[in-house]
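> Chains as they are written, first to last, in this note's numbering: chain A, 1 to 529; chain B, 1001 to 1293.
Think of the hints as simulated: they come from the structure by calculation, not from any bench. Honestly, I wouldn't trust all of these hints.
[As the list claims (entries may be wrong)] In silico lysine-lysine, BS3-like type, Cα no more than 25 Å apart, as pairs:
| no. | chain 1 | residue 1 | chain 2 | residue 2 |
| --- | --- | --- | --- | --- |
| 1 | A | 83 | A | 43 |
| 2 | A | 83 | A | 310 |
| 3 | A | 310 | A | 41 |
| 4 | A | 395 | B | 1089 |
| 5 | B | 1089 | A | 384 |
| 6 | A | 209 | A | 310 |
Read off the chains here:
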Amino acid sequence: MSAPEDTPVGGWRNPQLEHDPARAKVRPVLSAVGRRRWWFKLKGGGDRLWRRVRYPFTRRTVLRIRGEYNPKTLARERTVVDKRPIWWLIGLTLLAVLPPLSGNTSLLSAATIFAIYASINLVWMLIIGTAGIFSLATLAVVGASAYGAAWLSIQHGLPWWGMISTGAGLGLAFGVIVALPAIRLEGFYYALLTLGLVELCRVYVVQSKVFGSATGGLYGADTYVPEALQDSDGAVLLGYAAAFVMLLAMLGLYRLVNGQRLGRLLRTAREDEAFAEAVGIGYDRARVQVFLISSVALGAIGGFYASHFKGVSPSIFSTDQLLLMLAMIVIGGIGTAEGAVVGTLIVVLLDKLLIEWGPMRLVLIGLIMLGTVLFTRGGLFGIKSQFRAWRERRKSERRAARTEKGGEVVPEEATDIHDKQAIYYRRQDKLIRDYLRTLVTDELIEEHRRKPLGQHSEALERVLNYFRRGPVPDKYAVMAIKPFEAYRVVALAGRRGVPPRLVDDRVYPTLEEAYHAVFLRRVNDLLES
Amino acid sequence: MIDGYVIVSAVTLASIYGLLAIGISIIWSSLGMLNMAFGFTFAAAGYGAWYAAQQFPDSAAAVLAGGILTGALVGALVCAVAFIPLHDKPNFTVRALIATLAISLLGTQALLAVFGPRVKALPKVFGPKTFELTEDVVITADKLGSVASSIVLLLLVLAWMKTSRRGLEIRAMMQNPEGAALVGIGVRSTAFAVMAVTGALAGLAAVLLSQTYFVSPYSGLLPLIKGLIVALAGGLGSVSGALIAACLLGFVEAATSAVLGGQYVLITQFALIIAILLVRPRGIGGLLDETRE
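Take these sequences, add in the hints, and give me the full structure.
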């Protein structure tokens, strides 16, 4: 039963607005700094189960799934950390199913060419991306073994399976020859040399009687398509199936070389070979090993090529073909298997769909290649990371451009702080400090100097209350050196067992003066923050 | 077998290869870029000369000027497209290499689309006269003219690089690009000058080679490869090395086609180059990077 004079009269009024009416018009400025990455979340637990599923005979998990608790609802949820296996599965399934189901023979043969080129590009990606050898002689190796296998098949009746294995052997032999200068030459010298080597092969093949200079290529080699199927739709279907199996084999090879020991050795120190040598990595040795493995694979592809087309023509050595292949891996992005496959898909699609454009379609492909290399750092599959890097840079630029922070949490930091209460605490703290700063005047300080203890004006009481409830670490305190004679100002350590530190070397004769000195220090810190 | 004829054709080839190789060499050392679009510059200059010959059928100077001007223009264009946007980006060397390869692809196809696949012949710039040195050595006027004009233009360019302000800037860029930029040499303007001058050299080489071969969209490929391997064997960035290598390879080409036959030319040249590069991995006049630093 309170007295009538104690009940509040009228509505609540914000004391801050009363003190500073301009505050009502101020709207907080949200800086455009972006936000955290968005992840798709699966509901429920079960991440431990996923960790148990491995590829046979390896320790690799099928899918990297991370389990966590939702910070708001505390419900169990899962994140797929690496979604690439899912995309590969969808893409390869579509590739395996769509072209045969379409029933379109020309589409099927275009898809076969795509599969062959994609296989070559995957192996080339091993040479350029993994081994870091900028070799342009890829097609030369394929063509040389295709020619060798076709010649052996025509002259000595080599069957198609013999062509593939002989092609692999020829590829190895050719690879050893091509790899010899690679040991001594550096990047660009080697690129130029291999470009010349391709032209050398072309000129030799065009002029050589043995390799069919009169007929424009070698034809009549054995093929893997059985007699019964020749010249039917079944032959095209079988061709696509064989090429697709080869593509899968080359993907496996890429994974085996790039993802296992050799690839990891080479990725250890891509920028600094001397460092790699110093820590005991046989850098050159690993590079040559990758190159030779790739040469064998290219040779096998060459043998397959010769048996698929029942022969080979000198156009495989043409510079346009080489540049087209380079366009494929550049558009996809150098250094990734998906870049090799998708780049090949794009270029082959453009090449086959726009066939009535004539040379203009190659101009278009050249323009796309030029645009890719001018504007992106890693081709199509590097765009994502390049965009993220760009956005991070913009974020930090904006963060740096913020003039005032004052202890408050900026929004982009807020996304990183797990305990959301801390954000609101700091925001409230900043509001209070901004308000208290306006209360500090000379009269207020004079009032405290006259009477450090006892009853004060409302303003001084508010300031002192804020000071009292500050955190203990680095809080100022008074230490009595000799009671009633000498006092000094110290700062508390805030940790048990750690003594307070002396702030300055002034000695105050009375407790009141020491209290006021502490007050002045705190006011100073408040005005500076 | 090595007679006067071989020597004459060796000197002719050496002078034309020298023009191409020095262009590639200067671009590499001053801009740090391997210009794979040089073949496109070459082919485009050939078409420029052909166009000039259509407009002024009687003037040899117009044909030469048409080739040289087109070459310089295309060189500047390649610079604007491939060098200017990329030169301060990460991984510049590889990206510039790929960009010039892309220009080479699309440029060749554009020439094919515009002018068609049929080859064009240029008029004989130096007339049909012949000179007899000895009884069995006969020099045709176009060989003499090729040698003379390429030597004259090379000397002009080298003198310009030695004496003029712009030449001083280019040589500074060749010695140390960062140092040159620090003392106030504009990278972009110098790049345009370098590319225009080397394009002009390629243009002259195009007109000269088109005296014996035809102008076609793909005619730039073989000169590009020859120029590249000569520059490579001479050591990228070394003018004197490029000259020595041009003489060597010109002689090998002439001797091979006289002794063994035309189809073995590239093989013997490559054997020579691989031998040179295995002994000196940076070419005849090239320095190892550590030595340069």
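> None of the hints should be skipped; say for each whether it holds.
Consistency of the hints with the structure:
Distance restraint check for residue 83/A and residue 43/A: the Cα-Cα separation of roughly 17 Å lies within the 25 Å cut-off, and the hinted pair is therefore satisfied. With a CA separation close to 40 Å, the supplied pair residue 83/A and residue 310/A exceeds the 25 Å bound. For a cut-off of 25 Å, the pair hint linking residue 310/A to residue 41/A is broken: about 51 Å separates their Cα positions. Distance restraint check for residue 395/A and residue 1089/B: the Cα-Cα separation of roughly 21 Å lies within the 25 Å cut-off, and the hinted pair is therefore satisfied.
A hinted pair counts as satisfied when its Cα atoms are at most 25 Å apart, and residue 1089/B with residue 384/A qualifies at roughly 18 Å. For the hint linking residue 209/A to residue 310/A, the alpha-carbon distance of about 19 Å falls within 25 Å, and the restraint holds.
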